[in-house]
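Q: The lines below spell out each chain.
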Amino acid sequence: MATTVAPAPTRVPRQRPPGSRLKLRNTFIGWTFILPNFIGFAVLTLVPVVILFYMAFTSWNVFGSADWVGLENFRDLISDRTFHTALLNTGYYALLHIPLTLAVSLGLALLLNTKLRGVAFFRTVAFFPYITSIVAIAVVWNMLFSPESGPVNQFLMALGIDNPPGWTTSTTWAMPAVALVSTWRDMGYYMLLFLAGLQAIPGELYEAARVDGANKIQRFWNVTIPSLRPTTFFVTVMLTIGSFKVFDLILVMTDGGPGTATLVLSQYIYRKGFEEQQFGYASAVAIVLFLICITVTVVQFLVNKRRNR
Amino acid sequence: MATLTLDRPTAATPRPERDARKRRSIIGTIVLYVVLIGAAAVIMLPFFWMVTSSLKTNNQVFTVPIQWFPDPVVWSNYVDIWAKSDMSTWLRNTLILSVAVTFLQVFTGSFAAYGFSKMRFPGRDVLFLAYIGTIAVPWQAYMIPQFILMSKFGLSNTLWAIIALQAFGAFGVFLMKQYYDSIPEELSEAARIDGLSEYSIWRRIVLPLSGPAVATLTLLTFVNTWNDYLGPLIYLRDRDLWTIQIGLKTFVSQYNAEYALIMTGSVLSVLPIAIIFMLGQRYFVQGIATAGLKG
Chain A
1 MATTVAPAPT RVPRQRPPGS RLKLRNTFIG WTFILPNFIG FAVLTLVPVV ILFYMAFTSW
61 NVFGSADWVG LENFRDLISD RTFHTALLNT GYYALLHIPL TLAVSLGLAL LLNTKLRGVA
121 FFRTVAFFPY ITSIVAIAVV WNMLFSPESG PVNQFLMALG IDNPPGWTTS TTWAMPAVAL
181 VSTWRDMGYY MLLFLAGLQA IPGELYEAAR VDGANKIQRF WNVTIPSLRP TTFFVTVMLT
241 IGSFKVFDLI LVMTDGGPGT ATLVLSQYIY RKGFEEQQFG YASAVAIVLF LICITVTVVQ
301 FLVNKRRNR
Chain B
1 MATLTLDRPT AATPRPERDA RKRRSIIGTI VLYVVLIGAA AVIMLPFFWM VTSSLKTNNQ
61 VFTVPIQWFP DPVVWSNYVD IWAKSDMSTW LRNTLILSVA VTFLQVFTGS FAAYGFSKMR
121 FPGRDVLFLA YIGTIAVPWQ AYMIPQFILM SKFGLSNTLW AIIALQAFGA FGVFLMKQYY
181 DSIPEELSEA ARIDGLSEYS IWRRIVLPLS GPAVATLTLL TFVNTWNDYL GPLIYLRDRD
241 LWTIQIGLKT FVSQYNAEYA LIMTGSVLSV LPIAIIFMLG QRYFVQGIAT AGLKG
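Protein sequence lines, in the order shown, are assigned to chains A and B.
Numbering follows my numbering, with no gaps: position 134 of the first sequence is 134.
Numbering follows my numbering, with no gaps: position 38 of the second sequence is 38.
To be clear, the hints were calculated from the coordinates, so they are not data collected in a lab.
Only true hints are included.
Label-pair restraints from in silico Cβ distances: (1) Gly133(B) x Leu24(A): 26 to 34 Å; (2) Ile96(B) x Glu275(A): 27 to 35 Å; (3) Gly70(A) x Gly38(B): 55 to 63 Å; (4) Gly70(A) x Leu196(B): 52 to 60 Å; (5) Val99(B) x Thr260(A): 38 to 46 Å; (6) Leu71(A) x Gly195(B): 57 to 65 Å; (7) Val303(A) x Ser197(B): 39 to 47 Å.
Chain A stretches covered by chain B per the calculated footprint, using a threshold of three residues with CB under 8 Å from any CB of chain B: (8) 50-58; (9) 242-255.
Ideal placement from N, C-alpha and C gives every residue a C-beta, glycine not left out.
Make the full structure from the sequences, and use the hints.
A: Structure representation (structure tokens):
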């Protein structure tokens, strides 16, 4: 019973005869459920993660052997200007992408959590960008963002903006452009998660709040938001990790450019690893990415746990 | 127990709904529709532009002011692209991969989730922590050791690499477990007392109850595999192994001024999945709303 997980405090411990054979049998059956997935998961995810930590301390490249170099790779990282740029760019992207997507997807979910006729159609529309391929949408948006005669800038000029941004051709605007496109693409998915959370809120809660005289806004803050906390937690974690590992959209839309204006950590790992074959050094960069994601997750988890008390 | 299993449907009990409708003014409804239609138009505009551009001549794609409707309608783009690219090979490879990965992910994911959610045994929580932990680990961080490992197995540059890569994700296990946790413990407990084995409880009680979650996972996995660009980029070198994403990207760099044809290729890469989504969408969104009804 020591293994009881935190989110199920109401669960009553099952009454079982304390026979150890039964326990053993139970363990065996439990493992058979998990094994089919776990074997693949262990070989292709867990083992590579462990190897990663070894590789980061070696000078492994495509020709040489994996010589242990200790912290040399990390020392090199500290003075690597391109790495600094990639790190800052990734943070900048996350700063743009997370709040924007969180707000838009929750807003859409609240808007679409009605029984209005045709609401299913609007949900489909909002979700549609998420199911389309990165390559296709990157190509389309690149054309839409085209500085001279692209539709976006034509629209802005029609609004009276004489010098519309150069978007993906401008070092200042390339990152906002990418963040906008990724928000547009992701919002439908997170909206669906929020919708599922909203619909799981028991109607009795609202009814009770209404009986107590709570108005619409009070019901939102005192029923909807607290009930949504597990969903919001899940969405925020996924969104944060998603932001820090942003890769393919940037690879296709800007390829890190112009210059290094949109070069992000993932792409730097890819360049060092697959293009320059410096497996050891690339792994050191990968560890930085790993540490960022783990830290963010742990912090969010702790905050959420404390708030639940 | 009845209230537990029916918590979702009661969210839409008719009484408060009727009251609310009475109170909601017609103006409010109209405003909401206008907002929704406006938002929908903005969201769909890039797709509208993609489709219309694919039906234009190349010179008409970028015009000032924007030409919203193609004139004349150039259907020939949709004929030319098959001759100019290996579109059929790309589509076939992508389909094979998506189906195989989805089947494996849904089966092993929902099976493992049962072990994590409904069973108690030593080591379970440590294992689950390993799964949770790696959800937080970006694939980009361990793609290099994974590639080296996969090459050692001789899987690099085969379709098997992508299947192995995508089919055993932690996300599926996590998603299914989240859902299983919401299924009342009493249900499986009652079945256990009735003498059902754990496998039967999974197959006959928990799995049928989790239709919406299975649908969600199926859809997301299929879509993710179809849209995956990085896996194929790293693992698939041979032209005849390419998926639609790699193919399209290469096509774009090869014919970078053929705007109309590029849009045609984009439409073709999106179209199959759009059709699948439209067909499955009713079950997908409704499924979330009516979860637990069968209980």
